[in-house]
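> Sequence:
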Amino acid sequence: MKVVALVSGGKDSCFAMMKCMDYGHEIVALANLMPVDDSVDELDSYMYQTVGHQIVIGYAECMGLPLFRRRIQGSTRNQQLSYRITPGDEVEDLFILLQEVKQQIPSVTAVSSGAIASDYQRLRVESICARLGLVSLAYLWKEDQAFLLNEMIRRGIVAVIIKVAAMGLNQKHLGQELVDLQSYLLQLKELYGINVCGEGGEYETLTLDCPLFKNARIVIDKFQVVLHSSDSIAPVGIIHPLAFHLEHRKDSSCTDKENNDFTSEKAGSVFHVKKEFLPNYLEKCKSMDAVFDRFDTIEQVKMSISTCKRDTFSIGCWVPNSTPFEGLQKDLMSVLHAIELQLLKDDLDWAHVLYIHLYISDIKQFGLANDVYVSFISEKKCSFGVPSRSTMELPIAELGLGDAYVEVLVSTDQCKRVLHVQSISCWAPSCIGPYSQATLHREVLYMAGQLGLDPPTMLLQPGGPAAEMDQALLNCEAVANCFKSSIATSAIIIIVYCSTSISSFEMAEIQNLMEYFLKHHSTHHDGFLGAYNPIVLYVLVPNLPKGALVEVKPTLHLADNGKYGVQSVLLKAPAPDKPNYFGFKCSDRHNSCCHINVVPDKICMALISVTKDHAGSIYFEADHDLVALHCDKSHKHIKAIAVFFTGLIDKIISDNGFSWQDLKNLRFYFLNDLVSSADLLFSIFSEAFSSVFHVKEFLPNYLEKCKSMDAVFDRFDTIEQDCRRSHVSSSHAIELQLLKDDLDWALFCNLAQRVLYMAGQLGLDPPTMLLQPGGPAAEMDQALLNCEAVANCFKSSIATSAIILLYIALRFLHLRWLKSR
1 MKVVALVSGG
11 KDSCFAMMKC
21 MDYGHEIVAL
31 ANLMPVDDSV
41 DELDSYMYQT
51 VGHQIVIGYA
61 ECMGLPLFRR
71 RIQGSTRNQQ
81 LSYRITPGDE
91 VEDLFILLQE
101 VKQQIPSVTA
111 VSSGAIASDY
121 QRLRVESICA
131 RLGLVSLAYL
141 WKEDQAFLLN
151 EMIRRGIVAV
161 IIKVAAMGLN
171 QKHLGQELVD
181 LQSYLLQLKE
191 LYGINVCGEG
201 GEYETLTLDC
211 PLFKNARIVI
221 DKFQVVLHSS
231 DSIAPVGIIH
241 PLAFHLEHRK
251 DSSCTDKENN
261 DFTSEKAGSV
271 FHVKKEFLPN
281 YLEKCKSMDA
291 VFDRFDTIEQ
301 VKMSISTCKR
311 DTFSIGCWVP
321 NSTPFEGLQK
331 DLMSVLHAIE
341 LQLLKDDLDW
351 AHVLYIHLYI
361 SDIKQFGLAN
371 DVYVSFISEK
381 KCSFGVPSRS
391 TMELPIAELG
401 LGDAYVEVLV
411 STDQCKRVLH
421 VQSISCWAPS
431 CIGPYSQATL
441 HREVLYMAGQ
451 LGLDPPTMLL
461 QPGGPAAEMD
471 QALLNCEAVA
481 NCFKSSIATS
491 AIIIIVYCST
501 SISSFEMAEI
511 QNLMEYFLKH
521 HSTHHDGFLG
531 AYNPIVLYVL
541 VPNLPKGALV
551 EVKPTLHLAD
561 NGKYGVQSVL
571 LKAPAPDKPN
581 YFGFKCSDRH
591 NSCCHINVVP
601 DKICMALISV
611 TKDHAGSIYF
621 EADHDLVALH
631 CDKSHKHIKA
641 IAVFFTGLID
651 KIISDNGFSW
661 QDLKNLRFYF
671 LNDLVSSADL
681 LFSIFSEAFS
691 SVFHVKEFLP
701 NYLEKCKSMD
711 AVFDRFDTIE
721 QDCRRSHVSS
731 SHAIELQLLK
741 DDLDWALFCN
751 LAQRVLYMAG
761 QLGLDPPTML
771 LQPGGPAAEM
781 DQALLNCEAV
791 ANCFKSSIAT
801 SAIILLYIAL
811 RFLHLRWLKS
821 R
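Sequential numbering from 1 applies to the sequence shown in UniProt numbering.
Derived by calculation from the structure, the hints in this document are not laboratory data.
Just so it is clear, the structure is predicted and the values come from calculations on it, not from any experiment.
Quick reminder that beta carbons are idealized off the backbone N, C-alpha and C, glycines included.
Hints are supplied without guarantee of correctness; some may be wrong.
Using C-beta positions, here's what the derived DEER-type ranges look like [to be verified]:
#1 Q182 / L81: 49 to 57 Å
#2 Q224 / T86: 58 to 66 Å
#3 S383 / D144: 31 to 39 Å
#4 D371 / P87: 40 to 48 Å
#5 L344 / D22: 46 to 54 Å
#6 H245 / Y192: 34 to 42 Å
Restricting the straight-line Cα-Cα distance to at most 30 Å, the calculated cross-link-like pairs of lysine-lysine (DSS-like) are [to be verified]:
#7 K102 / K274
#8 K381 / K364
#9 K102 / K214
#10 K2 / K275
#11 K102 / K380
#12 K189 / K214
#13 K636 / K381
#14 K380 / K2
#15 K519 / K484
#16 K519 / K795
#17 K484 / K381
#18 K380 / K345
#19 K380 / K364
#20 K795 / K189
#21 K2 / K364
#22 K345 / K2
#23 K250 / K275
#24 K275 / K102
#25 K612 / K639
#26 K274 / K250
#27 K172 / K222
Model the full structure from these sequences, guided by the hints.
Below you can see the structure in the form of structure tokens.
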């Protein structure tokens with residue numbers, strides 16, 4: 001990409017340019033913001049470094065590039081972490097500056113910045129880039145500062161200290177070269193915990209020479225030391241440059257005579273941008289009226305929505321095939337519009353959404369789907385941050401669910417914390433679209449699906465599934481590290497979506513990579529090593545975004561101060577005098593199809609899997625004649641499975657101190673040729689679940705809380721008539737995914753009171769946003785790394801933190817594969 005580099009004169013912005021070139025990008029212009037008055041060295045700004053701005057003008061000739069400069073007219077008016085357009089704010093000066101660069105050099109598609117750890121600065125640069133349609137490149141983001149400092153010096157950046165403001169630094173250090181202070185800065189880190197790159201404002205630098213200065217180097221002839229504070233512990237002082245000159249290199253040339261574009265013609269020139277702020281962008285922003293106007297051309301369709309009125313609930317929505325529709329675009333518009341209206345009915349909006357599962361019938365139309373998605377869900381509408389998201393292709397149309405199926409997890413409170421990094425960096429894959437890497441809600445971290453993308457290039461790792469899997473795991477780990485955690489110590493469940501194109505050998509390789517990753521990383525983190533036993537569910541899907549072979553989507557539990565541990569438990573046999581859960585009898589074979597993780601009094605998550613062998617036993621217990629039918633697709637067979645699931649769920653709920661009121665979400669995985677339509681499945685399961693709520697032991701206790709039978713029905717939406725009307729089983733959105741091979745059924749059931757939701761992660765390389773090459777294993781590895789990276793931002797790991805959900809899903813004892821086509 002052609003890049004305009006934001007330069008302050010410091011070492012970070014220069015090294016960021018060098019990293020851009022390392023990854024094949026071309027720096028075509030420089031951009032700088034400076035004070036209105038040349039005599040002023042430093043502004044009271046949270047956003048810009050201006051000390052040494054008198055020297056920056058020399059960068060144009062040193063690099064042979066045009067330099068665009070603007071005097072800062074605004075001030076710090078919006079001090080919120082997440083930035084919204086604020087006329088008169090200093091950030092709008094950056095918008096005007098980059099807008100001019102883009103007008104003068106239309107080929108510019110990206111912006112480079114030297115952000116390392118400041119979310120405040122990064123989010124503002126990303127906001128401006130989003131408004132201008134530019135890509136933010138932040139290759140220093142989240143890198144180890146000691147490593148960065150060493151690399152800057154090793155690769156030839158010559159920078160001097162021009163400001164000190166930290167314990168251990170004083171005016172004698174002003175003017176000294178960075179290389180001479182490297183060891184001393186490392187000592188100060190050990191003594192006082194300073195940021196060795198000065199990210200905490202401990203010091204600032206001015207770059208006088210670097211490999212990018214192909215024409216000349218800067219020499220300061222005269223300067224003045226100015227003390228702003230003579231504090232004996234941490235004095236504050238700066239260098240005020242009075243005179244400098246450029247020392248030209250032999251045979252240097254400021255222009256490339258072979259090129260005739262703007263860049264070559266204006267190489268070394270300085271352009272001063274003096275435009276005033278015009279809120280053109282505000283006029284271009286789509287209003288909700290504009291969105292709703294589009295529905296004038298959409299035929300009315302029957303929407304199927306299930307909600308549960310409590311603190312956290314799910315909404316599932318799709319367009320039945322029986323209703324006229326016109327493809328993915330209109331289906332998705334109708335679905336999102338219906339969800340939006342449902343939220344409004346409950347006095348909620350998109351800002352209350354924690355996580356979104358987006359399933360489409362054709363991944364080739366992902367770009368079109370994303371355009372529709374953006375028109376509904378944006379930073380502007382999500383004041384607390386956009387929700388995390390997982391997207392994939394599923395054959396939903398075959399079951400009568402239209403071309404787009406959306407499930408959203410909603411919280412009525414506003415205590416979520418979002419990690420949303422849109423800049424391309426070496427940290428983890430960027431999320432340029434309107435979704436975040438991870439969402440922390442209370443104690444649960446929901447991580448977006450990570451692909452095996454190499455972060456700095458955003459390309460999939462070459463080498464097939466194994467390579468993508470490896471990178472995806474690294475990406476997950478990078479996200480988890482941001483929360484001071486690891487997927488190896490905090491994950492309670494990890495869902496791995498794999499392309500149906502991968503071989504059985506590659507599947508086994510992916511599984512081995514997962515096991516090795518969790519074991520290896522659990523020894524490198526302080527956490528609950530005993531909690532390392534996350535539920536791992538492998539699901540094969542037709543296609544994933546970017547042609548990835550693997551996507552990893554972990555969910556982590558971030559315990560407060562290590563107060564809670566995750567326990568792996570087995571089903572308990574019922575006491576002789578205890579009712580057998582409306583006729584359900586527990587046996588030893590149930591242990592072989594259940595994997596349960598529990599955070600005492602908070603979370604219970606279980607995975608239930610039923611193979612053909614299990615199904616045979618279930619059929620025999622239900623009706624001996626079912627076995628003789630030699631068919632597992634009849635209405636009676638499905639009903640037997642539904643009754644089995646219902647009884648087992650009820651037992652798990654009761655044994656672990658939860659109730660049906662805590663049930664958050666049910667998710668079924670089943671063979672696509674098992675039933676002719678989703679309606680039949682929902683009807684059978686709703687009948688099975690409705691029987692639970694009429695049991696004598698359960699109904700009186702629940703009625704005491706809900707006060708009336710109507711309240712029961714309204715709260716759960718699981719009574720048969722409601723389920724048939726809304727096409728949803730239980731009080732939860734149903735995620736339908738299709739299976740093949742010897743697995744008959746799978747079911748997810750979430751029980752919780754508080755949850756953190758992480759978007760599904762593919763095996764994408766963060767900086768390139770491309771899938772890791774090498775097949776499913778490679779994608780799997782990268783996706784897990786992506787998930788872990790998100791979890792780390794919430795000081796946790798996907799390997800140890802139990803989710804505040806009860807997940808009950810089909811799972812083979814030895815991590816057999818759930819497959820969908």
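> Look at each hint and say if it fits the structure.
Checked hints:
Roughly 32 Å separates the CB atoms of Q182 and L81, a value that falls outside the hinted 49 to 57 Å. Roughly 35 Å separates the CB atoms of Q224 and T86, a value that falls outside the hinted 58 to 66 Å. About 33 Å separates the C-beta atoms of S383 and D144, a value consistent with the hinted range of 31 to 39 Å. Separation of D371 from P87 is about 28 Å and departs from the stated range, judged on CB atoms against 40 to 48 Å.
Distance hint check: the CB atoms of L344 and D22 are about 48 Å apart, consistent with the given range 46 to 54 Å. For the hinted restraint 34 to 42 Å between H245 and Y192, the CB-CB distance of approximately 37 Å keeps it satisfied. Taking the CA atoms of K102 and K274, the gap is near 15 Å; set against the 30 Å cutoff, the hint holds. Restraint check for K381 and K364: satisfied, since their Cα atoms lie roughly 27 Å apart, inside the 30 Å limit.
With a C-alpha separation of about 25 Å, the suggested pair K102 and K214 falls inside the 30 Å cut-off, and the hint holds. Of the supplied pair hints, the one linking K2 and K275 holds, its CA atoms being roughly 24 Å apart against a limit of 30 Å. Proximity of K102 to K380 is assessed by CA-CA distance (about 23 Å); at most 30 Å being required, the pair is judged to hold. Restraint check for K189 and K214: the C-alpha separation of about 34 Å exceeds 30 Å, so the hint is violated.
A C-alpha spacing of about 47 Å is found between K636 and K381, which places the hinted pair above 30 Å, so the restraint is violated. Only pairs whose Cα atoms come within 30 Å are accepted, and K380 paired with K2 is accepted, the gap being roughly 28 Å. For the suggested pair K519 and K484, the alpha carbons sit about 18 Å apart, so the restraint of at most 30 Å is met. Proximity of K519 to K795 is assessed by CA-CA distance (about 19 Å); at most 30 Å being required, the pair is judged to hold.
In summary, the hint linking K484 to K381 is supported, as the alpha carbons are separated by about 29 Å, within the 30 Å threshold. Among the hinted pairs, K380 with K345 is consistent with the structure: their alpha-carbon atoms are about 20 Å apart, no more than 30 Å. For the suggested pair K380 and K364, the alpha carbons sit about 28 Å apart, so the restraint of at most 30 Å is met. A distance of roughly 22 Å separates the Cα atoms of K795 and K189; the hinted pair therefore holds under the 30 Å criterion.
With a C-alpha separation of about 27 Å, the suggested pairing of K2 with K364 holds against the 30 Å cut-off. Between the alpha carbons of K345 and K2 the distance comes to roughly 46 Å, so the proposed pair goes past 30 Å and is violated. Straight-line distance between C-alpha atoms of K250 and K275 comes to about 38 Å, which puts the hinted pair past the 30 Å bound. Between K275 and K102, the direct Cα distance comes to roughly 14 Å. Compliance with the 30 Å bound is thereby established for this hinted pair.
Among the hinted pairs, K612 with K639 is consistent with the structure: their alpha-carbon atoms are about 15 Å apart, no more than 30 Å. For the hint pairing K274 with K250, the CA-to-CA distance comes to about 36 Å; that exceeds 30 Å, so the pair is violated. Our distance criterion of 30 Å between C-alpha atoms is met by K172 and K222, whose separation comes to about 16 Å.
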